[in-house]
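Chains R and Z, in that order, are what the protein sequence lines are. Going by the UniProt record's numbering, the first residue of the first sequence is number 1, and it counts up by one from there. Going by the UniProt record's numbering, the first residue of the second sequence is number 1, and it counts up by one from there.
Hints listed in this document are in silico derivations from the structure and should not be mistaken for laboratory results. There may be inaccurate statements among the hints.
SDA-like cross-link-like pairs, simulated, lysine to any residue; straight-line CA separation at most 20 Å [unchecked claim]:
| id | chain 1 | residue 1 | chain 2 | residue 2 |
| --- | --- | --- | --- | --- |
| 1 | R | 169 | Z | 127 |
| 2 | R | 176 | Z | 19 |
| 3 | R | 355 | R | 326 |
| 4 | R | 58 | R | 39 |
| 5 | R | 169 | Z | 123 |
| 6 | R | 56 | R | 38 |
| 7 | R | 342 | Z | 19 |
| 8 | Z | 127 | R | 89 |
| 9 | R | 169 | Z | 71 |
| 10 | R | 46 | R | 27 |
Everything numeric in this text was worked out from a predicted model, so none of it was measured.
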Amino acid sequence: MTGKERMLEAFGRSESDRVPVWEMAFNEESIIKLGRFFTDDLPPLKFAQQMTVEEKIKLLMTLFTVIRQLELDGITSIAILDTEKVDEDHVRDGWGRIMRISEEGEATAVAGPVSGPQDLEELKPYHPRQSELMMLMAAKGNFGNEIAQVMVQPGPFRESWMLLGSMEKLLYFYIKDPRFVHDLARIATDFILEITDMAAELGADIIAIDGDLAFSQTTLMSPAQYEEFILPYHKEITQRAHELGMLIFKHSDGNMAPILAGIVEAGFDGFHPVQPQCMDIGEVKTGYGDRLCILGNIDCTYLLPFGSEEDVEEAVRETIAKAAPGGGYIISSSNSIHPGCKPENYIAMVKAARKYGNYPIEV
Amino acid sequence: MEEMLLLIRDAITAGDEDAAKKLVGEALKAGLEPRNIMERAMMPAMEDIGERFSRNEAFIPELIVAAAAMQEGMQLLKPLLTAGEKGSGKVVLGTVYGDIHSIGKNLVRMCMEGAGFEVIDLGEDLKTEVFVEAYKEYSPDILGLSALLSSTMQRMKEVIDAVRVIDPSALIMVGGAPVTSDYAIEIGASGYASNAFEAAMNAKELIV
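Chain Z extracted, bound-state conformation:
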């Protein structure tokens, strides 16, 4: 059993989608608990690749293929996980109005999913009311806001202020090239990360 979990872990870090799918299928047939597979093989695999990414030993292509392999495995696990086992929590993500950039936010989505979060990706160039409506609809544990431009970055504060009207204790994380931790504090965000992997790790700490 341990060996099977190791193989799944290796398939994901190598970004081998076919192997990940096949091995997760075999592990389920062999009677491994879906939650076990997720927590002891898939999440550690993404953590490995994320740590290598943070140390500049792995780059975005490696992160993307690992996330794709994880997704393949998750397709098999998702229907089998019960509500209580859905993972680390729920995150709603989006890029703020006026900003059409997506890659930073998409990498955060991949890393968040890799860390076991259920992620609802709202997309890009979103008006404040879209975030507010999504917050009401999904009641996420964390709302994540992304911006690439210093001009659009300022819209994050508008979203934070608007969401806090309906939920004063809302956990809101911000990130993106121009965003700094000082800026995050200044606009009242609950969390900040300087890269996608750190975003996932910080999100976990935030909801503990």
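Chain R extracted, bound-state conformation:
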């Protein structure tokens, strides 16, 4: 059975030979630290933005080596939008969004081309270029159909607030100017649909919709606000993905319980990452396991950064016991393998998944 088949079986909520192992994201430091276990041919430890083209290619090859060596069942690609440098810490993308790059290598929008409804007329929609999906092309070229090709992109909520340069501003307009929120979501959704079409053409199997909608306590917006401002756009995107023969899941950190029913209604096939600090994977499995594939839940806040390999093995065993029976579970960290995670712990997580994740589950 191939990794891709295993992932698709899990989305179909049936048992395959074993629980698939996949990861939403790695970054430069975690790729290089994991790469050290398998190869000496590594790029220097710095952010992709500061790497030469050759170093970036080497970084991608290192990621492929890690995935191949650990026999992961899927790979996640992102659209890397062309940017121009503004200063040491900031870049500007084709929308005119200014992104700040942190020491952790993460980029976030700090200023957008729109400050209010008055700016919409002047806003020129940015159309993605196929070259910006180079990572997916390379992943498909390297792995073909051996493993599942997952393409992640920000959802309508995140794309909308990035146009404003601030999440708070978007949430302010939820009450002050609902029409404007819809106009932004329309622009964002059209962009997402364009990338979705391109991803399908390039051979993606699964679309992941990023963009947190919740924090530890509850959702950022009320369930009613989710239904009004996000759900219709989610529906459009899931329909398009399905028409193109792809599966699609929603990613959000935080406690998503108040809107999980909406995520099902929107047509998503899965939910990631069921953050263990605020959601119980057993409860999610009981409540939604018949309608959603569940992905994630292995804690990357404390366990993978600070725990021991034995702690990781135990957490994997417990999580598989709760989420894997009957199928419909893909194991991954509770967000990503970030620089704080010990590479040894990630390898221990993958090994434990192989040890305890064989169907029928006997843990």
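Chain R is fixed; fit chain Z onto it per the hints.
Same frame as chain R, now just chain Z:
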């Protein structure tokens, strides 16, 4: 007079900036003491919305528009408040180095202002020395540190240790998604909150 205070309170909880500004203006004209308006209408309004937020009856959009309405009213009151009436105390806030996330810290700022604190927001991705310099410059009653990542969360301890060198009794609060009360105790913080409203309430208790 009581009715006017109630109207201001309602305008703020509803997030109606124009009404809040207009009503505070009218209340001042009618001779109400600025301090009275702040303490009996504006702060209770933010407390109402904060409590509803803690009970998941109000969400972040409601909190943000209420804070915006409070700000509108405060613009009129601030110049009229004397030094002794400046409110609950002074807070310096910031997100630690390597962390560019702002929303958690910004919500804390809104709730702290809503609770009557003067807040100096240093921003995000700040090196330890920026906090130390700001502490020396502003002598705040409380220093608040925010982090969203478990990797950057560890930098909070560096800041706490550095600030305590210049002021061993400095009151330092920490918060952010990965932070727990156990972690706050472990790194020597003076206070912790699991959400923005709780941060404001705990800050008040801390400086009593």
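Would the pair residue 56 of chain R and residue 38 of chain R pass a check requiring their Cα atoms to be no farther apart than 20 Å? holds, 18 Å
If you draw a straight line from the CA of residue 127 of chain Z to the CA of residue 89 of chain R, is it 20 Å or shorter? Distance ~14 Å between residue 127 of chain Z and residue 89 of chain R Cα, so the pair holds.
For the pair supplied as a hint, residue 169 of chain R and residue 71 of chain Z, confirm whether the alpha-carbon distance does not exceed 20 Å. holds, 15 Å
Between residue 176 of chain R and residue 19 of chain Z, does the CA-CA distance stay at or below 20 Å? holds, 14 Å
Taken at face value, is the distance from the CA of residue 127 of chain Z to the CA of residue 169 of chain R at most 20 Å? violated, 26 Å
Between residue 342 of chain R and residue 19 of chain Z, is the straight-line Cα distance small enough, at 20 Å or below? violated, 54 Å
Measure nothing beyond the straight line between the CA atoms of residue 58 of chain R and residue 39 of chain R; if it is 20 Å or shorter, mark the hint as holding. Distance of about 11 Å is within 20 Å: holds.
Under the criterion that the straight-line Cα-Cα distance not exceed 20 Å, is the pair residue 355 of chain R, residue 326 of chain R satisfied? holds, 18 Å
Given the hint that residue 46 of chain R pairs with residue 27 of chain R, test it: the Cα-Cα distance must not exceed 20 Å. Within the cut-off at roughly 10 Å; holds.
Going straight from one Cα to the other, do residue 169 of chain R and residue 123 of chain Z come out at no more than 20 Å? It holds: about 16 Å lies between the C-alpha atoms, which stays within 20 Å.
In this structure, the earlier hints numbered 1, 7 are contradicted, and the remaining ones agree with it.
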